[in-house]
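So the protein lines, in turn, are chains A and B.
When we follow numbering that gives the first Met the number 0, the leftmost residue of the first sequence carries the number 0, and every step to the right adds one.
When we follow numbering that gives the first Met the number 0, the leftmost residue of the second sequence carries the number 0, and every step to the right adds one.
Everything labelled a hint here was simulated from the structure, so no lab data went into it.
Glycine is no exception: its CB is placed at the ideal position from the N, C-alpha and C atoms.
Certain hints may be false.
Said to hold, decoys possible - Cut-off 20 Å, straight-line C-alpha distance, at most; resulting in silico cross-link-like pairs (PhoX-like, lysine-lysine):
id: 1; chain 1: B; residue 1: K188; chain 2: A; residue 2: K271
id: 2; chain 1: B; residue 1: K225; chain 2: A; residue 2: K271
id: 3; chain 1: B; residue 1: K112; chain 2: A; residue 2: K27
id: 4; chain 1: B; residue 1: K86; chain 2: B; residue 2: K50
id: 5; chain 1: B; residue 1: K76; chain 2: A; residue 2: K31
To be verified - Beta-carbon label-pair distances, calculated as ranges:
id: 6; chain 1: A; residue 1: R247; chain 2: B; residue 2: K77; range: 46 to 56 Å
id: 7; chain 1: B; residue 1: L187; chain 2: A; residue 2: Q32; range: 24 to 34 Å
id: 8; chain 1: B; residue 1: K77; chain 2: A; residue 2: I273; range: 20 to 30 Å
id: 9; chain 1: B; residue 1: P216; chain 2: A; residue 2: D1; range: 29 to 39 Å
id: 10; chain 1: B; residue 1: N79; chain 2: A; residue 2: K365; range: 49 to 59 Å
id: 11; chain 1: A; residue 1: D1; chain 2: B; residue 2: N79; range: 29 to 39 Å
id: 12; chain 1: A; residue 1: L257; chain 2: B; residue 2: G61; range: 28 to 38 Å
To be verified - If you only want the chain B side, here are some residues facing chain A, beta carbon under 8 Å, derived:
id: 13; residue: I1
id: 14; residue: Q3
id: 15; residue: E7
id: 16; residue: E9
id: 17; residue: A13
id: 18; residue: N25
id: 19; residue: R45
id: 20; residue: F47
id: 21; residue: G49
id: 22; residue: E66
id: 23; residue: F70
id: 24; residue: L74
id: 25; residue: T104
id: 26; residue: D105
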Amino acid sequence: MDIKRVTLLGNKDHGKSTLIGSLLIATKSATKQRIDEAKKVSMKLGRDFEPGFILDSFEEEREGGLTIDTTRAQITYRDAAFEFIDVPGHEELIGNMISGASYGDFAVLMVSAKGGEGVTEQTRRHLVLAKLLGIRRVVVAVNKMDMVAYKKERFEAIVESVQEFCMNVGFEPGSVVFVPVSAYNADNLVKRSMHIRWYRGKPLMELIYEAASARKKGNRGLRLLFQGTIKSGRKTLYTGKIVNGRLRRGQRILVMPLGKNAVVSSLYVKGKEIGSASEGNNVALEMPGTHATRGCIGFEPESNPRCGTVFEAMVFSVGRIPKKVQLRMNGSEFMADVSVFGEIDLKSGKIKEANSIKPLGTGKAKIRLSRSVVIESAAECPEMGRFLLYDSGKFAGIGVIG
Amino acid sequence: MIMQNISELEEKSAYIIRETKEKFENVAALWSGGKDSTAMIMIARRAFLGKVPFPVIHIDNGIDFPETYKFRDDLAKKWNLNLIVAKSRIKPELSGFSCCGSNKTDALKEVMKEHGFDALIVSIRRDEHGIRAKERYFSPRDTEFKWNYKDQPAELWNNYSSKMDTKGHVRVHPILDWNEIDIWQYTLKMKVPVNPLYYSSNGYRYRSLGCTHCTVPVKSNARSVKQIMDELKVTETEERAGREQDKEKAYVMEKLRALGYM
Ligand SMILES: Nc1nc2c(ncn2[C@@H]2O[C@H](COP(=O)(O)OP(=O)(O)O)[C@@H](O)[C@H]2O)c(=O)[nH]1
Numbered sequence: 000m001d002i003k004r005v006t007l008l009g010n011k012d013h014g015k016s017t018l019i020g021s022l023l024i025a026t027k028s029a030t031k032q033r034i035d036e037a038k039k040v041s042m043k044l045g046r047d048f049e050p051g052f053i054l055d056s057f058e059e060e061r062e063g064g065l066t067i068d069t070t071r072a073q074i075t076y077r078d079a080a081f082e083f084i085d086v087p088g089h090e091e092l093i094g095n096m097i098s099g100a101s102y103g104d105f106a107v108l109m110v111s112a113k114g115g116e117g118v119t120e121q122t123r124r125h126l127v128l129a130k131l132l133g134i135r136r137v138v139v140a141v142n143k144m145d146m147v148a149y150k151k152e153r154f155e156a157i158v159e160s161v162q163e164f165c166m167n168v169g170f171e172p173g174s175v176v177f178v179p180v181s182a183y184n185a186d187n188l189v190k191r192s193m194h195i196r197w198y199r200g201k202p203l204m205e206l207i208y209e210a211a212s213a214r215k216k217g218n219r220g221l222r223l224l225f226q227g228t229i230k231s232g233r234k235t236l237y238t239g240k241i242v243n244g245r246l247r248r249g250q251r252i253l254v255m256p257l258g259k260n261a262v263v264s265s266l267y268v269k270g271k272e273i274g275s276a277s278e279g280n281n282v283a284l285e286m287p288g289t290h291a292t293r294g295c296i297g298f299e300p301e302s303n304p305r306c307g308t309v310f311e312a313m314v315f316s317v318g319r320i321p322k323k324v325q326l327r328m329n330g331s332e333f334m335a336d337v338s339v340f341g342e343i344d345l346k347s348g349k350i351k352e353a354n355s356i357k358p359l360g361t362g363k364a365k366i367r368l369s370r371s372v373v374i375e376s377a378a379e380c381p382e383m384g385r386f387l388l389y390d391s392g393k394f395a396g397i398g399v400i401g
Numbered sequence: 000m001i002m003q004n005i006s007e008l009e010e011k012s013a014y015i016i017r018e019t020k021e022k023f024e025n026v027a028a029l030w031s032g033g034k035d036s037t038a039m040i041m042i043a044r045r046a047f048l049g050k051v052p053f054p055v056i057h058i059d060n061g062i063d064f065p066e067t068y069k070f071r072d073d074l075a076k077k078w079n080l081n082l083i084v085a086k087s088r089i090k091p092e093l094s095g096f097s098c099c100g101s102n103k104t105d106a107l108k109e110v111m112k113e114h115g116f117d118a119l120i121v122s123i124r125r126d127e128h129g130i131r132a133k134e135r136y137f138s139p140r141d142t143e144f145k146w147n148y149k150d151q152p153a154e155l156w157n158n159y160s161s162k163m164d165t166k167g168h169v170r171v172h173p174i175l176d177w178n179e180i181d182i183w184q185y186t187l188k189m190k191v192p193v194n195p196l197y198y199s200s201n202g203y204r205y206r207s208l209g210c211t212h213c214t215v216p217v218k219s220n221a222r223s224v225k226q227i228m229d230e231l232k233v234t235e236t237e238e239r240a241g242r243e244q245d246k247e248k249a250y251v252m253e254k255l256r257a258l259g260y261m
């Protein structure tokens with residue numbers, strides 16, 4: 000069974016842990032032992048049963064009521080398995096959040112309908128970040144419907160506000176869907192709830208199932224990221240990972256940014272010599288006469304990759320991004336000049352002119368590197384068009400080309 | 000328990016192991032003779048075309064099971080492993096948490112220092128224990144071996160911590176994403192040798208191996224990997240339920256990890 004990764008976003012306290020806990024119970028994915036342990040801890044802390052405790056494993060987290068780092072839970076539904084990644088909705092920990100979110104193909108966003116909660120700045124920030132991280136589809140769970148007497152008007156107000164923001168940020172129409180739920184009471188999680196008869200759509204797990212089944216688009220050309228070398232007896236072989244396309248023994252490839260053609264004379268995957276390898280394979284290969292180094296990329300010879308030192312990118316800033324940074328992309332490190340020319344306004348989701356990006360903000364920048372690289376937009380090949388930024392060795396932000 | 004696609008899992012693990020060799024100068028791996036670290040070594044053998052390119056360390060507290068010693072020595076020979084045995088001293092007055100903490104961790108610290116390893120491959124899995132869900136693939140440890148889980152480096156898009164990010168060493172977790180049952184799937188498919196303690200004898204088998212002092216067997220009639228998998232598909236108990244130290248307190252693992260235990 001393949002596991003589909005689900006990134007869970009949303010403002011702290013809007014019910015992410017509770018949702019995962021309830022789903023673990025409703026889909027019978029948690030062992031009795033884990034449920035009992037969570038019940039005991041809830042009692043010990045003098046609270047009603049908190050399903051979220053099935054998940055939060057650190058003692059101090061339970062006491063503080065805050066998820067510290069990404070947590071994973073595996074849930075089976077129909078013929079599929081889902082891994083829920085719970086990211087902290089807590090701003091200082093956004094670096095950790097990015098690590099978690101980057102593993103997901105699509106996201107679930109929790110928005111609490113409770114009075115005083117609703118769509119917040121953190122909610123909108125998460126949507127902006129989701130877009131940047133390449134998430135194409137969002138299932139919005141409007142939560143805590145039990146606390147607003149399951150009122151349709153409250154649900155609709157939240158739908159409208161999220162939908163408008165999503166359009167401005169650039170999500171495709173129809174790629175954001177909504178469902179009213181109560182994570183605590185398990186309403187509309189796996190089965191349609193009798194409490195919300197006015198809702199005619201599908202329950203949350205079904206929407207997630209559909210979002211996960213949507214096919215990814217992308218180009219099919221060869222992209223081989225060179226990783227380094229290994230020794231086998233007297234031979235030295237190049238290692239690399241195919242992130243797109245196929246590679247055959249005997250094939251001629253173009254190694255960039257060297258600009259050299261080379262022939263793959265032998266090819267190994269998982270310890271065995273083979274005739275052809277494809278996307279996802281870590282290969283070892285011989286390629287006489289060409290010195291590929293870490294960070295080089297292999298293409299089909301007839302392709303025409305763009306190389307250069309300057310490109311435009313969407314950048315998320317953790318703290319403040321200085322003008323000079325280190326940039327890590329495809330396993331290599333570069334010095335880079337960053338000049339910002341726009342920032343996303345968190346109220347509307349639209350880009351406005353700016354020459355710096357606020358902490359935890361997202362903007363557009365022109366980036367100039369110290370040496371030439373292959374420039375490919377993340378929309379074309381997500382594995383290649385994205386990078387990390389560091390300020391004197393400290394993580395400062397992330398970006399995608401395009 | 001969910002079974003994943005082991006071919007994809009192996010690709011990810013192989014990438015991480017190769018990345019470790021590429022970015023660090025002096026790599027070692029822990030090898031307990033248990034199913035997880037043995038599967039990891041199998042992955043490494045395949046990623047490096049037959050020869051494991053780093054030493055494997057067995058932390059030997061002198062009270063492991065005889066089956067484990069034999070398994071270790073036979074396999075080290077068969078697979079031509081560079082085996083380092085790090086002897087730890089048992090302190091009879093301690094048990095459970097403080098025992099594992101002091102014995103194994105002290106021995107590990109010594110051997111790491113003696114050989115100057117800058118990266119240590121550890122075969123932990125996320126599904127083993129709640130706190131392990133917080134682990135990264137590359138996890139820096141300071142010179143005291145402490146793990147600062149609140150301030151971990153960002154890990155995304157195949158960019159991982161390297162040596163520059165820490166003054167201590169980096170723990171590498173190539174099989175973090177595997178579930179218990181995936182290890183057995185892989186063991187079955189690749190015919191990875193199995194420590195006989197995992198098979199049932201007199202109605203009991205070991206599900207997770209510690210030392211003779213604090214590991215207790217579980218009820219089982221499984222006498223083959225296939226039968227082990229069939230039992231796991233319907234089990235209601237956690238894998239480490241047989242380990243003394245885990246029962247003491249909900250957050251014992253957290254303390255052990257912070258102290259440098261694996
Ligand atoms: N009444 C009600 N309370 C909820 C619901 N979902 C979550 N909560 C409560 O809201 C609080 C925060 O939820 P939690 O899951 O910890 O939020 P997180 O920070 O997003 O993980 C907890 O006390 C939950 O019991 C819901 O659907 N209904």
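Going down the list of hints, with the structure as the test:
no.	hint	result
1	B:K188 / A:K271	15 Å, holds
2	B:K225 / A:K271	25 Å, violated
3	B:K112 / A:K27	46 Å, violated
4	B:K86 / B:K50	25 Å, violated
5	B:K76 / A:K31	43 Å, violated
6	A:R247 / B:K77: 46 to 56 Å	34 Å, violated
7	B:L187 / A:Q32: 24 to 34 Å	26 Å, holds
8	B:K77 / A:I273: 20 to 30 Å	25 Å, holds
9	B:P216 / A:D1: 29 to 39 Å	33 Å, holds
10	B:N79 / A:K365: 49 to 59 Å	53 Å, holds
11	A:D1 / B:N79: 29 to 39 Å	35 Å, holds
12	A:L257 / B:G61: 28 to 38 Å	55 Å, violated
13	I1	5 Å, holds
14	Q3	5 Å, holds
15	E7	7 Å, holds
16	E9	7 Å, holds
17	A13	5 Å, holds
18	N25	16 Å, violated
19	R45	3 Å, holds
20	F47	6 Å, holds
21	G49	6 Å, holds
22	E66	28 Å, violated
23	F70	22 Å, violated
24	L74	17 Å, violated
25	T104	20 Å, violated
26	D105	25 Å, violated
Of the hints listed earlier, those the structure fails to meet are numbers 2, 3, 4, 5, 6, 12, 18, 22, 23, 24, 25, 26, in rising order.
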